[in-house]
Amino acid sequence: MAYSPHTEADHRRMLDAVGVASIEDLFADIPPQVRAARFDLPAPLTEQEVRAELTRLAGRNRIPRVSFLGAGAYRHLVPSVVMEVIGRSEFATSYTPYQPEVSQGTLQSIYEFQSLICELTAMEVASASHYDGATATAEAALMACRLTRRDRIAISTAVAPQVRAVLATYCSGPGIEIVEVPADLAEGGSGLTSVEAAARVLDEGVACLVAQQPNFFGGLEPMRELADAAHAAGAQLVAMVEPTSLAVLAAPGDYGADLVTAEGQPLGIPLSYGGPYVGLMAARMASVRQMPGRLVGATRDAQGRKGYVLTLQAREQHIRREKAASNICTNQALCALAATAYLSAVGPEGLREVAELSAARTRQVAAAIEEAGLGERRFSAPYFAEVAISIPDAERRHAALAGEGIVAGYPLGRDYPELAGTLLLAATELTTDDDVAALVAGLEATR
Amino acid sequence: MSVAERPAETDASGRGAAFASPHGGEQLQIVQPLIFDASAAGRRGVRFPAPSEAAIAAAGRQPEIPDRQRRAAAPHLPEVSELDLLRHFNRLSHLNHAIDLGFYPLGSCTMKYNPKVNEWAARLPGLADSHPLDPDPLAQGSLELEWLLAELLREISGLAAVSLQPAAGAQGELTGMLMARAYHRSRGEGEQRTKVLVPDSAHGTNPATASMVGYQTVTIRSNERGGIDLDELRGHLGADSAALMITNPSTLGIFEDQIDQVVAAVREAGAIAYMDGANLNAILGRFRPGDAGFDVMHFNLHKTFSTPHGGGGPGAGPVGVSERLAPFLPGPMPLLVEGDAAEVLRNARAGRSTPGARFELEPDGERPQSIGRVRSFTGNFGMFVRAYTYIRSNGDAGLRAVSEDAVLAANYLRVRLADAYDLPYDRICKHEVVFSGRRQKRESGVTTLDIAKAILDHRIHPPTIYFPLIVEEALMIEPTETESIETLDRFSEVMLQIAEAARDDPDSLKRAPVTTPVGRLDEATAARRPDLRHAFGGGQPAVPGGEPAVPVGAG
Amino acid sequence: MFPDDLRYSREHEWVRVDGDQATIGITSFAANELGDIVFIETPEAGATLSQFASFGVVESVKAVSDLYAPISGEVTEVNQALRDQPELLNTAPFEDGWIARVRLSDPTELDALLDAGAYAELTGG
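Chains as they are written, first to last, in our numbering: chain Z, 290 to 736; chain H, 8 to 562; chain Y, 64 to 188.
Quick caveat, the hints were computed from the structure, so don't treat them as lab data. Because the structure is a prediction, the values reported are computed rather than measured. Where is the CB? At the ideal position from N, CA and C, for every residue including glycine. Not one of these hints is a red herring.
The calculated label-pair distances, taken between Cβ atoms and stated as ranges, are:
#	chain 1	residue 1	chain 2	residue 2	range
1	Z	G593	Y	A175	46 to 52 angstroms
2	Z	A521	H	K123	54 to 60 angstroms
3	H	E196	Y	D169	40 to 46 angstroms
4	Z	E313	H	E493	23 to 29 angstroms
5	H	E369	Z	F328	23 to 29 angstroms
6	Z	F328	H	K517	46 to 52 angstroms
7	Z	I467	H	G242	35 to 41 angstroms
8	Z	G593	H	A80	32 to 38 angstroms
9	Z	A341	H	E369	26 to 32 angstroms
10	H	G372	Z	A341	37 to 43 angstroms
11	H	R75	Y	P106	40 to 46 angstroms
12	H	G242	Z	D305	40 to 46 angstroms
13	H	R192	Y	G187	46 to 52 angstroms
Calculated pairs, BS3-like style, for lysine-lysine (alpha carbon to alpha carbon, straight line, at most 27 angstroms):
#	chain 1	residue 1	chain 2	residue 2
14	Y	K125	H	K517
15	Y	K125	Z	K595
16	Z	K595	H	K517
17	Y	K125	H	K448
18	H	K517	H	K448
Some chain Y residues near chain Z, calculated using beta-carbon distances under 8 angstroms:
#	residue
19	E122
20	K125
21	A126
22	V127
For reference, chain Z alone in the conformation it holds in the complex (with noise of 0.2 angstroms):
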């Protein structure tokens, strides 16, 4: 009714033209019994009253004036101008570019995504995107099981907790196993993976090991070292890594990552309370025949125009049906986008000050509460721009605090029970001298 461009004798014209005497006729073949016994919704809004209902909704959240939370989504700047290309209509209200014809922004858009992705993980194929970095590892580690035909996963207990109930909910279909690797979670630990339990792990059964990078609890891992253990059982690395990072650790195809997922949200996506957010896969040449989800080619028309395609469109399902790779039918094209213009706007420069801002900030907090007595870092491991610290009776003064409007990061008792009292604080570019200070000076008011 809000958007019907019908007049009266709009209505008219089309039912004569059908040869019916009222729209209910059209709706005859719903048998009685089952027409809708009820439809109690509210009454049509006009614009002006619907946006009054959204901003009583927006204004019930509290974003709060300081916030150390990362955990997997993170506070990062989203350029103007990126907001500017996603919110360009040509892009947002077109569809799957099934005709390619008429889909060549789209398309090209995606085939850069596709070379930026290959370039930042120094990978050589990706994918057109997944739903979400969890799903995207999750699907990496089917189609290691389909690569190597066996059907155990290992995974380590450093991969963050949403991701791993992902990837078991996922396993939980073709009935696949998942090992778990020990990260060392121990008091003065290093907060790492075990190299030597991942090598007691892997046999001749386990498809992969996943492995983060850095970890949930922003450490840094031995992924080189990691990867050797993986290959040296015949299995696959699966990678999963934070993108921005990738500007200055070192690119998974470079320590022999097999498959490579990542959460791209960090790539110029706002929160939004948990999505749309992007998820990547990169991988080998070799493997794309395996890999799920949508992909581009270049080509060329009949007169020699280059052009964009989708390809390799018989892995997927409208084709393959029930021994389709996966059941996945769009990609986030829109989020791929927005990564796309992001890494355009910001470039090799700019990414790499976003990440060693990032971790400069990370550590600047840390240094602060460690030096105020407040707490200590709970790992030993050289961490990134996210890292887990002690500090007593950090639920309570956590919850305290986030009644001022500051978040103290996450609670890693939650998920680790063994590391209730430990904060999981992130810092990124945002992050100024007063939000340090406030952190601080509300945790020494809570002490």
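Dock chains H and Y against the given chain Z, drawing on the hints supplied.
Okay, now just chains H and Y, sitting in the frame of chain Z:
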């Protein structure tokens, strides 16, 4: 098809590329170079502040990133000015067809108008800046919005409970099948129930989803009226049946008029009745799967509830379930932990908050029978904001009218085109109508692909083609409720003109499109010699592109 | 229309017998139905085929199809040219587009196959 010599392209900067429209052939230059071609070392877009002195000083007192963990060479990201960046993407956008540019009757995709107030709402800082792990007391607005949307979807579907978490329709299907299996296992029938029944008209995602859960797909033939063949269905239903996945209205645009018997037979066999909600746009306020006895349905918020398709995503695929499947829903769910649900709903109707009402995100492990998480956090929240805005804008009367107008428009096109194209199932349709181009193919060798390509030259997006699979040379048209009668008439005239051309001048259709930025592209070469990324100069991994294909996939 | 010296399966594969060796491939009818073939996945030399069982996959731009062995036996050679030029399956399905050579394990299996005339009838002339 062989690839011609490389043609001259625009200059590498991109500044020579003229504006082009996806249908505008009059421009001379319609190739937009890659963003990488506009790059020059040292050029900058966005800048960041220098670290503060305090940050620099503190960094020295904490562990450094070890050298062996550092990257050797910077990635080749583009180095462009903000203006050149914007022009690049704006020019690319001109190469797209989009709802906001013209008619988009892509069957099964519900390419309706995406209201702009939805976009306004999704960008409200109070919502867009909300962190998914913000403590619940700071996220009451996000939680209330999710809770309200789930309540509205419950009412729309007649189902007992809704989880918003699935990221897309296909993930909603996966969620549904995992719940079906968990349900059977909880009754000790997990081992025996191994088969999922799927009609031959189904979307490819249905059998692909069944496989992901380890189920075997059994295809059920459609009858001559385009409905499910009840006898065949009953013949396949048994103690080994896990579920029936059915799209209603079907992909033929036909309402299953024996749906009550279908659901009864499925339930009697102890199986789960799954409704693919892809076509919900046809039946709002008329048919609720919950009332009819369905156990589970996924909603495509990007279809029925007008969230933008975004060139292929993001979507959102919430699932609704019956009472018996509710314990298995994925978590976490938004919960109203203090306050009266009816009062909160009443107040929200009036645009008021409810004093004392408190929402919480369900703690992990709260429901031991849950299938777990299907993605991170609570789902594609930005899509929930848009869908909620849309449902509230339309309200009860508006949503009913949405389906009425969508069905009327499809039937209008059905009668207008019935003489020119074959109609394999000639009966009242719902929101879409499926024609066959078999007459054109037989009489003049013009295929449905040729017809689709010819439509492109009229600045209209073609219908879905070659789907459903059971219709030869299928043309699946979904006009949606937001297109005016003038647009529908113009489309009809284009289709009639093309049918005429198929008789009189078939070669003209074989050459189409001629006014788009590129003509028909060589998909065979694209797949035989995949070129899936830009090859940067110097030290990049070799990627096949114009070279013989690397042997792939045999291991 | 179909070469007289070959035997054909109902799944659209052909066999050319030479002593205890056989060459197998897909028919021109199958290639036309699939359209532009872009990829073929076959077993390596040394693999064992059994008659009418799936032994590989062929992909075209818009379709994918299983390959069914027309006869049983051990694969002695695989046509490597198809890896770089899968289009040979379209352009020369009975010659350069052969798929594999096989050492026959049971020549009597050939009796279950069709001759050119019967296959032509099966495919509608």
